[in-house]
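Enquirer: Sequence:
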Amino acid sequence: MAPSAQPSLDPSASIHISSFSFSAADHKLQNEAKTAPTPTPTPSPPPPLGVLSAFSGNFSGTGFNTIFRPNSGPPGGTTFKNAFTPAPPTAPSENVLELNLTTETLNFGWPLGTVPNRGLGSQAPVFLNGVPYVQSVNDVSNLATGGRNGAPLGIHFETGLWMHLPASTVDPPLAASVVRMGSIPHGTTINAQALEPTQTFKGPPQISAVDITPFVVGSNPPIKIKFASQTASNVATPRLPQDLSKFIAAGTITQEILQDPNVVLRTANKGKNIIQTQVFTVSTAATSPELGGGTANIAFLLGTGSQGPNANAATMTATFWINTVQSTLTVPGTPTGGTGSAPLRVVQSPEPPHPGARVPSFVLPPSTVVGEHTITVTHTEIQYSQTVNLNFAGLTWPHVSVATLVPTEELPVHGHEDDDLGPRIVGQNGH
Numbered sequence: 001m002a003p004s005a006q007p008s009l010d011p012s013a014s015i016h017i018s019s020f021s022f023s024a025a026d027h028k029l030q031n032e033a034k035t036a037p038t039p040t041p042t043p044s045p046p047p048p049l050g051v052l053s054a055f056s057g058n059f060s061g062t063g064f065n066t067i068f069r070p071n072s073g074p075p076g077g078t079t080f081k082n083a084f085t086p087a088p089p090t091a092p093s094e095n096v097l098e099l100n101l102t103t104e105t106l107n108f109g110w111p112l113g114t115v116p117n118r119g120l121g122s123q124a125p126v127f128l129n130g131v132p133y134v135q136s137v138n139d140v141s142n143l144a145t146g147g148r149n150g151a152p153l154g155i156h157f158e159t160g161l162w163m164h165l166p167a168s169t170v171d172p173p174l175a176a177s178v179v180r181m182g183s184i185p186h187g188t189t190i191n192a193q194a195l196e197p198t199q200t201f202k203g204p205p206q207i208s209a210v211d212i213t214p215f216v217v218g219s220n221p222p223i224k225i226k227f228a229s230q231t232a233s234n235v236a237t238p239r240l241p242q243d244l245s246k247f248i249a250a251g252t253i254t255q256e257i258l259q260d261p262n263v264v265l266r267t268a269n270k271g272k273n274i275i276q277t278q279v280f281t282v283s284t285a286a287t288s289p290e291l292g293g294g295t296a297n298i299a300f301l302l303g304t305g306s307q308g309p310n311a312n313a314a315t316m317t318a319t320f321w322i323n324t325v326q327s328t329l330t331v332p333g334t335p336t337g338g339t340g341s342a343p344l345r346v347v348q349s350p351e352p353p354h355p356g357a358r359v360p361s362f363v364l365p366p367s368t369v370v371g372e373h374t375i376t377v378t379h380t381e382i383q384y385s386q387t388v389n390l391n392f393a394g395l396t397w398p399h400v401s402v403a404t405l406v407p408t409e410e411l412p413v414h415g416h417e418d419d420d421l422g423p424r425i426v427g428q429n430g431h
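Straight run, no breaks: the sequence shown in the UniProt record's numbering ends on number 431.
Misleading hints may appear alongside valid ones.
Keeping only pairs whose Cα atoms sit at most 35 Å apart, straight-line, the calculated DSBU-like set for lysine-lysine is [stated by the list, open to error]:
no.	residue 1	residue 2
1	K246	K226
2	K270	K202
3	K272	K202
Since the hints were made in silico from the structure, they are not lab data. Just so you know, these numbers come straight off a predicted model, no measurement behind them.
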């Protein structure tokens, strides 16, 4: 066996290959390799966000929530001040209709950038982009006054992602779409797609009615079964709050709202100058042919016994309206005829369109205009109406939530070179 090679200790040692030599071209390449700078890669722009570009920064607002939930009766079930028959959990008292006046925060993180999905065969790769979100909802119902200024009580928390998908041409052949992927602490996750294109039009949203009446599971058309708790004036039903008289007087929960919770959204838009609307609907329900999406529930929600699920979140559908709202601001000018200086920072909010309406705050740049004047600004508002269909006791129980959300962060108003705080578009702050 030949001895193993040992490294040379001679500093002048080198490797000699008698048949190799550099040509003139080799020397040219060698010199270029030594002297050429390393090219700086040109960053590719991230994939578009599409309609999701409006989901930027932090939003907050008010809304309304309705949910029929199971009631197991005493000792661990929900109890009521006013008696009714039959007692829980005997049908039709095996459920509780809970109503909540809500406040909500919806916070969006920074865009994710390029997210590749690789295609197979003739389907080319597609590149997604999206934004993470955190949603938190509190019940602020005031039982003493019927207002929405009660002590906050958390009723919903959700984290997830909104993703924008580009069109795919082969498998499957789909136009660009968006998807919402969310996780709820009760033990449900959702994958809801908007396979129909986003609609954009001038003017305010056209918001259709939504019905909370339960119906027989799988019935088509739905066989609806109305419950006594859906009558606002009835004070002896399995409902929380049982007595709605204070809320009816305050106009916060009325028979009209129980029949159509989307009334709350239409009321929120009264007095606003909404100049443009974008609308899309996401759904977990499978299309034909089946193109993904759906819900997943933990074992407790699905149940295993003959009585069926405790509360299976079978489907979720939600419509989102992204509204561009135009308003005017009153701006203080210089204190004297051009000799003073305008404030370095002025924070102004438009006049609320109606009592209780939330409005954003705008930060104005210095102005050279003498005296008080007005400017026109716009901002984004998000509205949604969501229905989660819960299955238990042989029925599908629509769980409807609605809200109107405005930017929480101060919105900067940027000056124009050709005017002095004239009409302008204001974007979300920070993103």
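Enquirer: Is the straight-line distance between the alpha-carbon of K270 and that of K202 35 Å or less?
Expert: holds (16 Å)
Enquirer: Need the status of pair K272, K202: alpha-carbon distance at most 35 Å?
Expert: holds (14 Å)
Enquirer: Are the Cα atoms of K246 and K226 separated by 35 Å or less?
Expert: Given pair K246, K226 holds - Cα atoms ~24 Å apart, limit 35 Å.
Violated hints are absent here; each numbered hint is respected by the structure.
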